[in-house]
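Read top to bottom, the protein sequences are chains B and L.
Note that our numbering numbers the first sequence so that position 43 is 43, with each residue one more than the last.
Note that our numbering numbers the second sequence so that position 17 is 126, with each residue one more than the last.
Keep in mind that a hint or two might mislead.
[Claimed, not checked] Chain L regions said to be covered by chain B (calculated; three or more residues, Cβ under 8 Å):
no. : stretch
1   : 180–194
2   : 217–227
[To be verified] Quick list of the computed label-pair ranges, beta carbon to beta carbon:
no. : chain 1 : residue 1 : chain 2 : residue 2 : range
3   : B       : 80        : L       : 186       : 42 to 48 Å
4   : L       : 226       : B       : 8         : 23 to 29 Å
5   : L       : 234       : B       : 14        : 44 to 50 Å
[To be verified] Derived BS3-like pairs (lysine-lysine); straight-line CA-CA distance at most 30 Å:
no. : chain 1 : residue 1 : chain 2 : residue 2
6   : B       : 105       : L       : 163
7   : L       : 128       : B       : 46
8   : L       : 176       : L       : 128
9   : B       : 105       : B       : 46
10  : L       : 198       : B       : 46
Read the hints as simulated data drawn from the structure, not as lab findings.
Think of the CB as a built atom: it goes at the ideal place given N, C-alpha and C, for glycine as much as any other residue.
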Amino acid sequence: QSVLTQPPSASGTPGQRVTISCFGSNSNIGSNSVNWYQQLPGTAPKLLIYNNNQRPSGVPDRFSGSKSGTSASLAISGLQSEDEADYYCAGWDDSLNGLFGGGTKLTVL
Amino acid sequence: EVQLVESGGGLVQPGGSLKLSCAASGFIFSGSTIHWVRQASGRGLEWVGRVRDKPNNYATAYAASVKGRFTISRDDSMNTAYLQMNSLKTEDTAVYYCTRIRCGGDCWSYGMDVWGQGTTVTVSS
Numbered sequence: 001q002s003v004l005t006q007p008p009s010a011s012g013t014p015g016q017r018v019t020i021s022c023f024g025s026n027s028n029i030g031s032n033s034v035n036w037y038q039q040l041p042g043t044a045p046k047l048l049i050y051n052n053n054q055r056p057s058g059v060p061d062r063f064s065g066s067k068s069g070t071s072a073s074l075a076i077s078g079l080q081s082e083d084e085a086d087y088y089c090a091g092w093d094d095s096l097n098g099l100f101g102g103g104t105k106l107t108v109l
Numbered sequence: 110e111v112q113l114v115e116s117g118g119g120l121v122q123p124g125g126s127l128k129l130s131c132a133a134s135g136f137i138f139s140g141s142t143i144h145w146v147r148q149a150s151g152r153g154l155e156w157v158g159r160v161r162d163k164p165n166n167y168a169t170a171y172a173a174s175v176k177g178r179f180t181i182s183r184d185d186s187m188n189t190a191y192l193q194m195n196s197l198k199t200e201d202t203a204v205y206y207c208t209r210i211r212c213g214g215d216c217w218s219y220g221m222d223v224w225g226q227g228t229t230v231t232v233s234s
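The following block holds chain B by itself, in its conformation from the complex:
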């Protein structure tokens, strides 16, 4: 079981806004920032959000991140078919070891 908890699945229709949650604890999300990764089928993960709410160059502003206390969220607005992928939150613990959430499979209906 992952230390960071995500719902296994999420879905939405094109144009809709969907959110994916990530729950942790005081020793990880509560005291450190959160990153989010997108993994399209058959490909390597891609950095989507870093430092809670920062987008790397080239990531559309449809993607946004937030953090509050020991939880974080990824929001995708204007959902598109190409957004269908697995999404992972990530952080680190007090020992500075890496942590990934279990992943959320997003389906665009």
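Dock chain L against the given chain B, drawing on the hints supplied.
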């Protein structure tokens, strides 16, 4: 082009060893922290470990599941990082990715912004 390329994966028997390589190009390798992340088929991502840069004494850290069996190292002159895997178990079967954080110390908040394509390790008799 900024890229990481893994190699060295393959089939190995339980208890055996394998060494993966991660060759970097297009960026200042010596200033980056290199991480290894694995993914078993149909499963999520699992952090394996990391090696920091020279100013941070090439410090390493490992997930509990691999500590004492896996060793991460780097050769900045070759722009290459390595993952030495010993005493392999069937549960180590996975695609192994190397990835970087563009600073050499404790800077997880930058995120892993460059990933290799992965190399497959299969541990089976």
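Going through the hints against the structure:
With 0 residues having a Cβ less than 8 Å from any Cβ of chain B, the stretch 180–194 of chain L misses the three-residue criterion, and the hint is violated. For the stretch 217–227 of chain L, the stated coverage by chain B holds: 10 residues have a C-beta nearer than 8 Å to a C-beta of that chain, and at least 3 were required. One distance hint, 42 to 48 Å for the beta-carbon pair residue 80 of chain B and residue 186 of chain L, holds here, with the actual separation near 44 Å. At about 26 Å, the CB distance of residue 226 of chain L to residue 8 of chain B agrees with the hint of 23 to 29 Å.
Between residue 234 of chain L and residue 14 of chain B, the C-beta spacing of about 48 Å keeps the proposed range 44 to 50 Å intact. Distance check on the hinted pair: residue 105 of chain B and residue 163 of chain L sit about 38 Å apart at the alpha-carbon level, beyond 30 Å; violated. For a cut-off of 30 Å, the pair hint linking residue 128 of chain L to residue 46 of chain B stands: about 25 Å separates their Cα positions. Taking the CA atoms of residue 176 of chain L and residue 128 of chain L, the gap is near 16 Å; set against the 30 Å cutoff, the hint holds.
For a cut-off of 30 Å, the pair hint linking residue 105 of chain B to residue 46 of chain B stands: about 15 Å separates their Cα positions. A hinted pair counts as satisfied when its Cα atoms are at most 30 Å apart, and residue 198 of chain L with residue 46 of chain B qualifies at roughly 28 Å.
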